[in-house]
Amino acid sequence: MTALALASFEREAAFRAAVSRAGAEQRRIVGLWSPYPVELGDIGEEPAAPIPWIACLGGLGAAILFYAFIWWTATQAYPFDSGGRPLHSWQVFLIAPIELGALAAAVAGMIAFLIRARMTRLHHPAFDIAEVERASSDHFVIALSCDETEGGDVLALLTRAGAVHSRLVTR
Amino acid sequence: MPSLDDPDFVARREVLRLIAAGAAASLAGCSRPDQPIVPAVADEDGDRAGRTRRYATTLTLAGYGRGATALVVDGRPIKLEGSARHPASLGTTDLFVETAILDLYDPQRLRAPVGPDGIGSWPMLERALVPRLAGSQGEGAVLLTGRVTSPSLLARIAEARRRMPGLRHVRAEAIDDDAEREGARLAFGRPLTMRPRLAGADVLVLLDADPLGPGPDQIAFARAWADRRRMPGKPQRTYVAEPSLTQSGICADRRVALHPALIGNVLLAIAGALGAGATGAAELPPEAALWVASVLRDMRGVQGRVIVMVGRGQPAQVHALAAWVNRRLAAPVDWIEPVDPDSSGHVESLAGLAQDMAAGRVSTLVVLDANPMLHTPPALGFADALKRVPLSLSFATFPDETAMATRWRAPLAHTLESWGDARGPDGTASLVQPMVKPLFDGLSALTAIDMLDAAGPRPGDHDRVRRQWQATDDGRWRELLVAGTIEGTAARPVELGDARLVMPRPSPRAAPMVVTLPPSATLWDGRGATNAWAQECPDPVTRQVWGAALRLSPGDARRLGVADQDVVAFAGLTAPVKIVEGQADGVATLPVGHGRTAGGPIATAPGTLGPGTNAFRLRGSRGGWVSRPVTLTPTGDRVHTPRNQDDFDLDGDAASLYPVLRPGEAMPPPESRASLLGDGATPPPQAPQWAMVIDASACIGCNACVVACQAENNVPAIGPEQIGKGRDMHWLRVDRYEHARGGGYQPVPCMQCEKAPCEPVCPVEAPVHSADGLNLQVYNRCIGTRTCQANCPYKVRRFNFLDYAGADLWGDLDPAPVSAQRNPEVTVRARGVMEKCTYCVQRIEAAKHEADATGAPLQTPVTACQAACPTRAITFGNLADPVSDVARQRRDPRHYALLEELGTRPRTTYLAKIRNAGGEV
Amino acid sequence: MSDAARWLLPSMHDHRAITDAIAGPLVEGQAGRRWWIALLASLLVAGVGAIATGISFAYGPGMWGNNSAVVWGFPIANYVWWIGIGNAGTLISALLLLTRQKWRNAINRFAEAMTILAVSIAGLFPIIHLGRPMYFYWMAPYPNTMDLWPQWRSALVWDFWAILSYLLFSLIFFYLGLIPDLATLRDRKGPRRWRRIWGAFALGWQGTPGQWRAHQRLQRTMAVIATPLVCSVHSIVGLDFAASLMPGWTESIFPPYFVVGAYFSGFAMVLLLALVIRHALGLEAMIRTAHLDACAKMLLAAGSVMLLAYGSEWLSALWTGEAADLRFLAFSFTGPYAGLTYGMILGNCLLPQLFWSPALRRSVPVLVIVALGVLVGMYFERILILCNTLSIGYEPAAWTLYVPTIVDFLILAGTAGLFVSAFLLLSRVIPLVPMYEMRELAEEARA
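Residue numbers (my numbering), protein chains in the order written: chain A, 1 to 171; chain B, 1 to 921; chain C, 1 to 447.
Don't take each hint at face value.
Some chain C residues judged to face chain B by a derived CB distance under 7 Å, without partners named [unchecked claim]:
id: 1; residue: GLY60
id: 2; residue: GLY131
id: 3; residue: MET139
id: 4; residue: PRO141
id: 5; residue: GLN151
id: 6; residue: SER244
id: 7; residue: TYR342
id: 8; residue: PRO396
With beta-carbon atoms standing in for the labels, derived distance ranges [to be verified]:
id: 9; chain 1: A; residue 1: ILE111; chain 2: C; residue 2: ALA447; range: 45 to 53 Å
id: 10; chain 1: A; residue 1: LEU57; chain 2: C; residue 2: ILE197; range: 30 to 38 Å
id: 11; chain 1: C; residue 1: PHE57; chain 2: B; residue 2: ARG628; range: 23 to 31 Å
id: 12; chain 1: C; residue 1: LYS189; chain 2: A; residue 2: THR2; range: 44 to 52 Å
id: 13; chain 1: B; residue 1: ALA273; chain 2: C; residue 2: THR334; range: 22 to 30 Å
id: 14; chain 1: B; residue 1: ALA666; chain 2: C; residue 2: THR145; range: 49 to 57 Å
id: 15; chain 1: C; residue 1: GLN353; chain 2: A; residue 2: LEU57; range: 43 to 51 Å
id: 16; chain 1: B; residue 1: VAL883; chain 2: C; residue 2: PRO228; range: 51 to 59 Å
What the simulated footprint calls covered on chain A by chain C, stretch by stretch (three residues with Cβ under 8 Å from a Cβ of chain C suffice, anywhere in the stretch; the number is not a length) [stated by the list, open to error]:
id: 17; segment: 33-40
id: 18; segment: 50-63
id: 19; segment: 74-88
id: 20; segment: 95-108
id: 21; segment: 111-122
id: 22; segment: 154-166
Calculated directly from the structure, the hints in this document are not laboratory data.
Source: prediction; values computed, not measured.
We put the CB at the ideal spot given by N, CA and C, even for glycine.
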């Protein structure tokens with residue numbers, strides 16, 4: 001029977017300590033929640049997402065497509081003399097694509113972020129845990145999974161780390 | 001309108017009904033006259049729908065006929081152009097011919113006879129009129145007209161007087177020529193009319209004379225003058241001495257501003273040098289003395305090639321002396337028997353009539369197309385005398401001052417609605433063809449006389465005119481109608497001996513402050529005041545619209561402590577001030593023709609400004625065109641006087657906008673400039689490349705082109721408030737500039753730039769470039785960002801800030817009839833849309849279609865402004881054709897492009913103004 | 001005292017306190033009478049502006065002071081002015097983020113909100129000022145029966161894309177920062193309906209290290225894009241004028257000059273908002289005098305740059321001695337618009353110089369006066385840029401002065417009303433100070 005040990009912390013330091021201890025004792029961390037970004041070293045970290053690159057590609061791609069479209073409308077679809085300017089006035093055709101490119105980069109980045117962060121899941125088992133509710137405001141929450149038998153030690157570990165509240169959930 | 005001031009309610013409703021009827025009638029389209037009219041250009045496919053047909057006819061100014069061509073589409077005359085056969089038109093027009101077409105459709109026109117009991121009818125009028133005349137053999141009856149030169153009408157009046165010996169015919173034109181006539185009488189013992197041949201004058205001396213200014217002779221004089229200026233060889237020189245700046249003064253080579261009283265002294269000085277003997281103490285201010293010296297220097301050795309002209313503002317003695325000088329110099333001047341058969345003085349006959357009326361010797365007064373109530377010198381008491389006439393009637397086109405004062409008023413047909421004829425200033429006769437049946441139920445002048453002369457036969461105007469010219473067989477009649485002008489009817493010059501030497505009394509240096517009263521350059525004697533186009537046409541000197549200000553010299557203004565738009569009071573009148581450089585000190589100038597108190601909303605209340613000031617009120621009992629001495633006193637008020645141009649002076653580098661050259665001098669070659677974007681697309685070789693060259697030297701600022709463009713392109717008049725806000729719609733503006741080297745006029749239409757700054761900045765591609773080099777504006781594509789105008793260095797684009805096309809300037813009158821004048825070939829622009837000069841693209845396309853249809857080579861189209869220009873200053877044509885006029889003029893050493901340094905490559909370019917001021921300036 | 005402590009009072013060193021202080025005044029708290037009065041007043045003004053706009057739509061641009069020469073008037077000035085203000089929010093937020101400025105945390109949220117509102121208002125004017133506003137969409141590329149596409153050479157089309165991109169970009173940037181705070185509101189006790197809404201917009205944010213990581217990465221990435229984007233947007237606004245032929249417009253200095261001006265007016269507006277918000281929402285503990293002091297320094301710097309920009313313009317005119325430029329210079333200082341010129345110099349260059357004194361940098365009345373002075377001065381500058389050039393172009397015959405009408409003024413006032421009322425409403429439903437960033441700061445301050 002595995003159990004879930006939950007603990008809330010009021011201070012970032014304590015939270016960090018708990019995380020590192022859990023790491024040291026090879027406890028399985030199944031969840032970490034903090035009200036603001038916390039540096040946790042390499043414990044509980046997931047590989048970084050290539051969000052900047054995705055944004056960059058999205059922006060470039062959109063810009064290039066848009067420029068191609070402009071070129072087509074100005075020189076192929078309906079070419080005509082405007083103030084004696086060249087049909088393909090690339091100097092000025094560049095401007096709009098740059099602007100749109102920036103927007104496209106943001107959109108691409110946003111999408112990447114939503115996917116990477118597994119967002120838009122309005123219903124998630126984590127939301128059923130009472131402690132997590134306060135993790136968005138003033139508590140740091142850690143969830144360790146352990147065998148029911150060693151639940152006591154785990155809770156002790158967390159309390160020692162400075163948990164203001166901890167409990168064991170068995171299922 | 002007629003009896004809106006009439007208490008009778010029924011009558012008022014009647015009026016409204018008639019207004020509606022009139023509007024509806026003219027809206028329903030115009031019906032053709034009963035008798036056949038003959039187009040000037042025969043066309044096999046005849047009256048095809050939508051086809052423009054051209055008819056020769058005649059319009060009059062001050063009674064003198066000027067040949068014209070009416071452009072008629074589907075029975076609607078929509079535009080007037082010149083008639084090449086007529087010596088007073090030479091194929092071109094002036095402002096007054098151009099504006100006449102709007103009068104035809106003007107909602108202010110009289111629409112029915114109105115009597116003492118309100119709205120009447122023609123039968124009612126006849127019942128009131130005929131018995132009184134027929135009974136008494138016309139005893140005590142007076143027919144008052146302006147100048148009549150129409151042979152048919154004169155014959156008709158004579159016929160009527162044979163039947164009614166008592167009927168008197170009094171002739172009094174507003175802008176009279178009494179001084180000229182008297183001068184001739186003094187010099188030659190009989191009234192003669194002077195016809196200068198300006199083309200033959202190497203030296204032209206204008207003493208308070210303005211041959212390039214408004215008047216029946218403007219076209220002929222200006223053309224001759226310009227032709228002489230163009231001639232190779234010895235350059236012509238024009239001297240002007242005048243009290244206030246005129247078009248002639250602006251175009252002059254050497255000008256001196258002089259008090260009108262001192263003009264005589266100048267002539268005395270000249271005459272004295274020519275051996276007129278002791279001229280008395282004719283003292284002159286130094287600059288005038290210099291000017292005279294220079295005139296005399298130029299007069300040597302050009303015997304027979306000098307003309308001295310004196311203006312109507314000068315007394316008869318001065319005219320007489322000028323006649324003597326001209327004879328002495330064997331000047332290229334003809335003297336002809338007056339075209340106007342009535343040799344009595346205009347003012348004098350008015351005075352006589354006023355006395356008779358006051359004394360109750362006039363029982364019936366019939367005014368025919370004249371407005372004595374406006375222009376009669378107040379001292380003659382015409383208004384009071386009129387009240388003593390038992391039956392008075394006025395045949396008038398508009399409800400003018402006289403029509404509103406007489407017991408009866410009856411609508412007179414527009415010239416384009418009647419048969420008739422007229423003689424030009426040189427005697428040439430031409431026919432008046434009606435283009436439409438009377439739109440507002442008016443009678444022609446001939447029919448009006450028929451009504452007086454009830455006993456007489458009524459063959460109809462058409463037959464009378466035809467009989468007058470003995471056109472017995474139809475072929476001959478057709479020829480006459482096609483030509484319009486009748487060959488060989490010009491007056492022959494009379495053989496004359498020497499002129500009697502008349503010496504005007506020299507006047508002292510210190511002359512009192514007076515007001516000179518020239519005719520208005522836009523309203524003439526005031527009959528233009530009902531015309532929205534004329535009102536909105538800028539004055540050639542002040543560029544003021546919708547009214548006239550009192551012109552003062554900077555010196556006098558300083559002395560009085562007044563600035564522009566400050567109101568001054570003088571001789572019981574008030575007027576706002578306009579300070580004019582070149583106005584002589586000690587003399588103010590106020591054009592006549594403004595200050596109408598009747599005639600319709602346009603005439604009486606030009607917008608916010610009120611009716612303005614009627615300068616005729618300043619005339620003395622003996623007439624003349626200079627007021628008695630006045631004292632000007634600032635009232636402390638200010639009124640807004642809208643103008644299309646505020647700054648005339650070009651200082652520093654700005655002078656390059658209007659280069660002025662000495663004769664033979666050439667423009668410096670323009671330096672070429674590179675462009676990052678390259679030269680762009682090259683036009684297809686077979687396409688014509690349209691271009692325009694405007695000769696600044698030939699432009700006299702007459703504004704004919706401005707109004708021609710307005711009529712051709714459906715450009716609306718927008719009223720004084722809008723102009724006051726700095727908005728105007730004229731596609732073509734005539735700028736006036738002054739700088740150290742000289743000054744003059746610069747007509748500015750769209751430059752049709754090859755590298756148009758307006759085109760690439762429009763987000764929706766409303767302005768695009770055509771293969772034949774036109775800078776097109778696609779109205780239905782325009783969303784009104786106005787970026788094009790913001791980026792136009794020439795500021796020639798015009799924006800419909802409001803619904804100008806539907807603008808109602810006519811008060812509570814229905815403006816519907818006006819829309820009948822619109823050119824069906826030109827879009828009427830919507831609110832919020834940018835518009836501009838198109839080089840009359842509709843005419844270009846018409847020419848192309850003609851070429852396609854007939855397979856003939858493409859005829860170079862003629863733009864409206866070009867067709868109008870009296871001096872042929874505007875040349876339009878195909879640049880791709882090296883032998884075209886335009887291409888030739890582009891090679892002229894005087895050729896330059898406006899703001900060339902901007903690299904816009906204008907298609908509209910200029911020939912620089914030449915000023916032959918001589919070295920010693 | 002650590003750097004962080006400078007920006008946060010000890011009373012706010014506790015996470016709960018921060019959450020309560022910021023989330024408290026939101027919907028569950030009482031709006032208060034002043035809020036209602038302010039809202040009604042601003043809505044009234046906005047309504048008047050809407051009527052004035054309606055009048056112009058009904059009768060046409062003739063209702064304004066524009067004329068044949070000065071075809072652009074207040075509407076374009078309004079556009080440039082508002083887009084300038086809108087420029088600052090995102091720029092401030094992004095720049096300070098990249099430069100790791102601690103004091104950013106307190107002001108970036110409402111600065112970004114300001115951007116979105118200002119840019120939206122600015123975006124209205126390219127439509128309002130049209131002669132035929134109903135066809136504004138012709139500027140967008142869409143397949144149409146006329147087979148026409150927009151004129152890509154037109155600066156107005158560049159504008160179209162610049163504004164569009166900038167507005168949507170700022171919206172995303174703003175929303176991204178908002179997500180964790182929305183989660184807070186979702187989890188906090190409060191009105192159910194609102195918590196549902198916030199919850200939906202929080203997109204299931206939990207605050208796991210992975211989410212925080214991705215969140216920070218995207219925020220930094222967008223900050224990197226935002227900075228050049230903002231500059232380009234206002235450069236393009238500058239190009240509306242610079243990419244022309246008119247004297248006084250064709251100047252290569254315009255784009256940078258417009259960017260600085262925008263940043264300048266934007267910062268003035270941020271300062272004003274900061275003063276209002278800290279007072280109205282009782283956030284003196286988080287938006288401290290030190291923040292105001294920092295903003296004041298920014299204004300001082302920008303104001304001095306403006307002075308340099310103007311100076312270089314005038315000097316180059318004097319130095320080159322080009323008749324046209326000299327005429328132009330004389331016109332701006334002695335012509336009918338001279339008053340505006342001096343007002344502009346006073347507001348944009350002289351008033352900010354007060355901030356050399358630390359005492360004045362911390363005095364609220366002075367801050368308000370200077371901020372307002374800058375905003376007014378910048379509006380004068382916009383008007384002058386339009387009217388100087390268009391009133392006295394190349395052709396003296398076409399010279400015409402510009403006189404705005406009452407309708408012009410009402411439309412301008414209306415935009416202010418719209419801005420204020422929108423901000424008031426916003427202040428009730430979203431935290432105008434980012435809570436999670438304040439918590440970070442608090443932790444640091446406490447350490």
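For each hint, the structure was consulted:
Against a cut-off of 7 Å between C-beta atoms, the interface hint on GLY60/C holds, since the closest Cβ of chain B lies about 5 Å away. Of the supplied interface hints, the one on GLY131/C holds, with its beta-carbon coming within about 2 Å of a beta-carbon of chain B, less than 7 Å. At its closest, the beta carbon of MET139/C sits 5 Å from a beta carbon of chain B; the interface hint therefore holds under the 7 Å criterion. Given hint, PRO141/C at the interface with chain B, is violated; its Cβ is 11 Å from that chain's nearest Cβ, farther than 7 Å.
Interface restraint check: GLN151/C against chain B, minimum CB-CB distance 5 Å, threshold 7 Å, status holds. Satisfaction of the interface hint for SER244/C is found here, the shortest Cβ-Cβ separation to chain B being roughly 5 Å, below the 7 Å cut-off. Residue-level restraint check for TYR342/C is violated (minimum Cβ-Cβ distance to chain B is 24 Å; threshold 7 Å). Because the closest C-beta pair between PRO396/C and chain B is about 4 Å apart, less than 7 Å, the hint holds.
Between ILE111/A and ALA447/C the C-beta distance comes to about 36 Å, which lies outside the given range of 45 to 53 Å. LEU57/A and ILE197/C have their C-beta atoms about 34 Å apart, which keeps the hinted 30 to 38 Å range intact. Under the hint 23 to 31 Å, the C-beta atoms of PHE57/C and ARG628/B, about 57 Å apart, miss the expected range. A beta carbon spacing of about 33 Å between LYS189/C and THR2/A contradicts the range 44 to 52 Å that was offered as a hint.
Checked against the hint of 22 to 30 Å, the C-beta distance between ALA273/B and THR334/C comes to roughly 50 Å, which is inconsistent with it. Between ALA666/B and THR145/C, the C-beta spacing of about 53 Å keeps the proposed range 49 to 57 Å intact. Distance hint check for GLN353/C and LEU57/A: the Cβ-Cβ separation is about 47 Å, which falls inside the suggested range of 43 to 51 Å. Look at VAL883/B against PRO228/C: about 58 Å separates their beta carbons, and that is inside 51 to 59 Å.
Counting residues of the segment 33-40 of chain A whose C-beta lies closer than 8 Å to any C-beta of chain C gives 7; at least three are required, and the coverage claim holds. Look at the segment 50-63 of chain A against chain C: 4 of its residues bring a Cβ nearer than 8 Å to a Cβ of that chain, three or more, so the hint holds. By the rule of at least three residues with a Cβ nearer than 8 Å to a Cβ of chain C, the coverage given for the segment 74-88 of chain A holds, with 6 such residues. Only residues whose C-beta sits within less than 8 Å of a C-beta in chain C count toward coverage, and the segment 95-108 of chain A has 10 of them, enough to reach three; the restraint holds.
Under the rule that three or more residues need a Cβ within less than 8 Å of chain C, the assignment of the segment 111-122 of chain A holds, with 10 such residues. With a cut-off of 8 Å between beta carbons, the segment 154-166 of chain A has 0 residues touching chain C; three or more are needed, and the interface restraint is violated.
In this structure, the earlier hints numbered 4, 7, 9, 11, 12, 13, 22 are contradicted, and the remaining ones agree with it.
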